[in-house]
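Protein sequence lines correspond, in order, to chains R and V.
Each residue of the first sequence is one higher than the one before, counting from 1 in UniProt numbering.
Each residue of the second sequence is one higher than the one before, counting from 1 in UniProt numbering.
One or more of the hints may lead you astray.
[Said to hold, decoys possible] As a list, the in silico EDC-like pairs of lysine to aspartate or glutamate whose alpha-carbon atoms are at most 20 Å apart:
| no. | chain 1 | residue 1 | chain 2 | residue 2 |
| --- | --- | --- | --- | --- |
| 1 | R | Lys-413 | V | Asp-81 |
| 2 | R | Lys-413 | V | Asp-180 |
| 3 | R | Lys-301 | V | Glu-86 |
| 4 | R | Lys-413 | V | Glu-275 |
| 5 | R | Lys-412 | V | Asp-81 |
| 6 | R | Lys-359 | V | Glu-275 |
| 7 | R | Lys-412 | V | Glu-275 |
| 8 | V | Lys-293 | V | Glu-275 |
Note that these hints are calculated values from the structure, not bench results.
These numbers were taken from a predicted model, which means no experiment stands behind them.
As a plain string of letters, each chain reads:
2 protein chains.
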Amino acid sequence: MLPYPLHWTERLAIKTDSRILFVVLDGVGDVPINGETPLSAANTPNLDALARDASLGLSTPVAPGVAPGSGPGHLALFGYDPLHYEVGRGVLSALGIGLDLSPNQVAARGNFATLAPDGTIADRRAGRIPTDLNKRLIALLQDAIPSIEDVQVNLYTEAEYRFVLVLTGDGLGGRVADTDPGRTGEPPRPAQATTQDPRDQKTARIIQQFVEKATHVLHEADIVKEYDPAPNTVLIRGVDTKPNLPPFQQVYKLTPGAIASYPMYRGVARLVGMETPPADWSGSGERTETKLKLLREHGDKYDFIFFHVKKTDSYGEDGNFEMKKKQIEDFDAILPDLLAWKPDVVLITGDHSTPVGVKAHSWHPLPVLIYGPHVRRDGRRFTEMDARGGSLGTLRHLDLMPLVLANALKMKKFGA
Amino acid sequence: MLPYPLHWTERLAIKTDSRILFVVLDGVGDVPINGETPLSAANTPNLDALARDASLGLSTPVAPGVAPGSGPGHLALFGYDPLHYEVGRGVLSALGIGLDLSPNQVAARGNFATLAPDGTIADRRAGRIPTDLNKRLIALLQDAIPSIEDVQVNLYTEAEYRFVLVLTGDGLGGRVADTDPGRTGEPPRPAQATTQDPRDQKTARIIQQFVEKATHVLHEADIVKEYDPAPNTVLIRGVDTKPNLPPFQQVYKLTPGAIASYPMYRGVARLVGMETPPADWSGSGERTETKLKLLREHGDKYDFIFFHVKKTDSYGEDGNFEMKKKQIEDFDAILPDLLAWKPDVVLITGDHSTPVGVKAHSWHPLPVLIYGPHVRRDGRRFTEMDARGGSLGTLRHLDLMPLVLANALKMKKFGA
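Starting from the given sequences, assemble the full structure and let the hints guide the process.
Shown next as structure tokens:
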């Protein structure tokens, strides 16, 4: 049996014409500073109008006290218990750059990093090297290390200091610990399997060899020496195989499309069966015009749209209250464009809180808003404080998909 | 181990003299129209007085987004996880007309229906034939089909187009899909077991023969030809055997009595071990005087009374705001009679919401009120809006039995 709530929705969900808009403002939840959060301080006339006629609540992403990464946060939003379906960041990154992993592949996230002469990590991101240099280093490494033992090695630039490592071969497992110690001043960790399974042991052995060979190649490369801090080693994390998730089409009877400018979010969306209509994602930032164009041109193919806004999280991580507030106001300005898709039900929330005072993903429950023809209208604003005691009460992210399906009259009655 | 919350209460519940009144206003929850729900618009001085001194909260019947049928809704209220204890409608209907099923029996719900000349269902209820005609058709079928193979066939009129089929014999299983396709314009489905178990296969075979024989008998009957749409076939649904539920006496240490005018609710009450004191239930509607007479004459036998009010749901299904409001006011008028039983603890809620705007059972959480000597007094009214943010917070129906037991000081401390 599928875990909650997938077992419900697989039984009860029905296909109808109604449309669901599912908006994720990444990291939007916050903690008041002098009584205000970015959400409460922002000037959001469009969001206010929607919220007034919507039901509000507070939703805990995974469990009280747990600050989720982007992967678990979004899986929970999409109704996939992240404790049941654990997905390595490497897999999310691989999917995000458009790779479709097969069962004999293992993916990992790589960082170009700086090793100090004493063997400790001096910079986990090698000064956030430019993407162009990343591409040149990847070409160098790919040329030098096409394979290890009987395993094919493929390397892909993600952005800045980040790359993706994909191993292809027989008998590879995904349970290998990060070589990234997570902080500077410590040496990189050896690649170690977290189980006794020979498949995991094999992957660990290959990754360890890869790290050693790559460090050797980078050490010899003239191009590396020009930079300070020098990208003279690699750190590996988030090793995993692609999980087998029951798709949205099967469990929710939806035809879902995802609109997100950042690869990670398109990746997690594809993992649950969403289509990611093609666009020119070159450039950086929110790329709002590209996203709105996608919605206008491809929206009618779908009855469920996941629309992702990234920068609310980024400025939370930077501890920048004013810029986080500004991102919310920017979102407010495009809300009418989203509503022009004519959804029957709208959900707005975030994957997790990223309070400017914490400067990191946090455990705080987030405001959630559900708008539709059958909601109790709370007459409030979409803020952390107003969401307390709203009609939706206190929820988990896992509850949200059944709720939006029900509000769109896409769930039949359970039992007689 | 029993599922939550039965495992708690079986360990912790103790027998005392205190009395619990458990009132279910069927389908009472609603969604505001122009800011008002039937509960908020109703003039309810007695309920208001009780609510002022009670704790309020919002309770989700089964899970967010799930609209339960009457069976699962009531099982959840009584603390029996409806996912763990799934009960077919046939069993509920059989218990509701006073049958006590034994382990070698299978019950199903039947509809008299109209088959078009092309073999599709033209009317799933044969124009809702009168109960008198139902009784004559049942006599005809019972006479013509006393048994099939080694299985005894018993037929009982429920009301209008509905009847109950009970099969008695060895080796009968309960897992057979409905022959009712659930919509017109499609042919009836063949009776099919949903497992490979020979017991389920046998039941499916017997039901298929019953449907064929009954259709033949009805086709030949002069009485059927007089009606348009003609009740010329039968549809079977909700096939099941009686589930084995641990009774209230065992898990809650209660002596429970149920007072409900509609058979279905007496049926589900008996399923969990409640007594249903005998009364003359002839006639229709709420039969309030009969219910109050039962309470006066039999109330002292019990320390737990389940009191059911049906019409709040019926008028929700009809989309009739004013009449739903009126049912709530009628209930308010008899609340003093209920309190005359001198309960120590009173719970009032519904099994599910039936919003007049949805005209069907819905997923919306309902207001719940607990009154007793040890509650936090919220000073509010019993409405969907006032229940937001009440002292009880947001709950599931499964949480309610332990809460009323605790408020009645019928739960000992857990652990030392």
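Distance restraint between Lys-359 of chain R and Glu-275 of chain V, which requires alpha-carbon spacing of 20 Å or less: Given that 20 Å is the threshold and the Cα spacing comes to 60 Å, the pair is violated.
Would the hint linking Lys-413 of chain R and Asp-180 of chain V be met if the CA-CA limit is 20 Å? Distance ~16 Å between Lys-413 of chain R and Asp-180 of chain V Cα, so the pair holds.
Below or equal to 20 Å on CA atoms is what counts here, so check Lys-293 of chain V against Glu-275 of chain V. holds, 16 Å
Quickly compare the C-alpha distance for Lys-412 of chain R and Glu-275 of chain V to 20 Å and report which way the hint goes. Between Lys-412 of chain R and Glu-275 of chain V the Cα gap is close to 32 Å, so the pair fails against 20 Å, i.e. violated.
Does the alpha-carbon distance linking Lys-413 of chain R and Asp-81 of chain V stay inside the 20 Å limit? Holds, because 16 Å separates the two Cα atoms, which is no more than 20 Å.
For the pair supplied as a hint, Lys-413 of chain R and Glu-275 of chain V, confirm whether the alpha-carbon distance does not exceed 20 Å. violated, 29 Å
Quick one, are Lys-301 of chain R and Glu-86 of chain V close enough, alpha carbons at most 20 Å? Violated, because 38 Å separates the two Cα atoms, which is more than 20 Å.
Between Lys-412 of chain R and Asp-81 of chain V, is the straight-line Cα distance small enough, at 20 Å or below? OK: Lys-412 of chain R and Asp-81 of chain V at ~19 Å, within 20 Å.
Hints 3, 4, 6 and 7, counting from the list given before, are not met by this structure.
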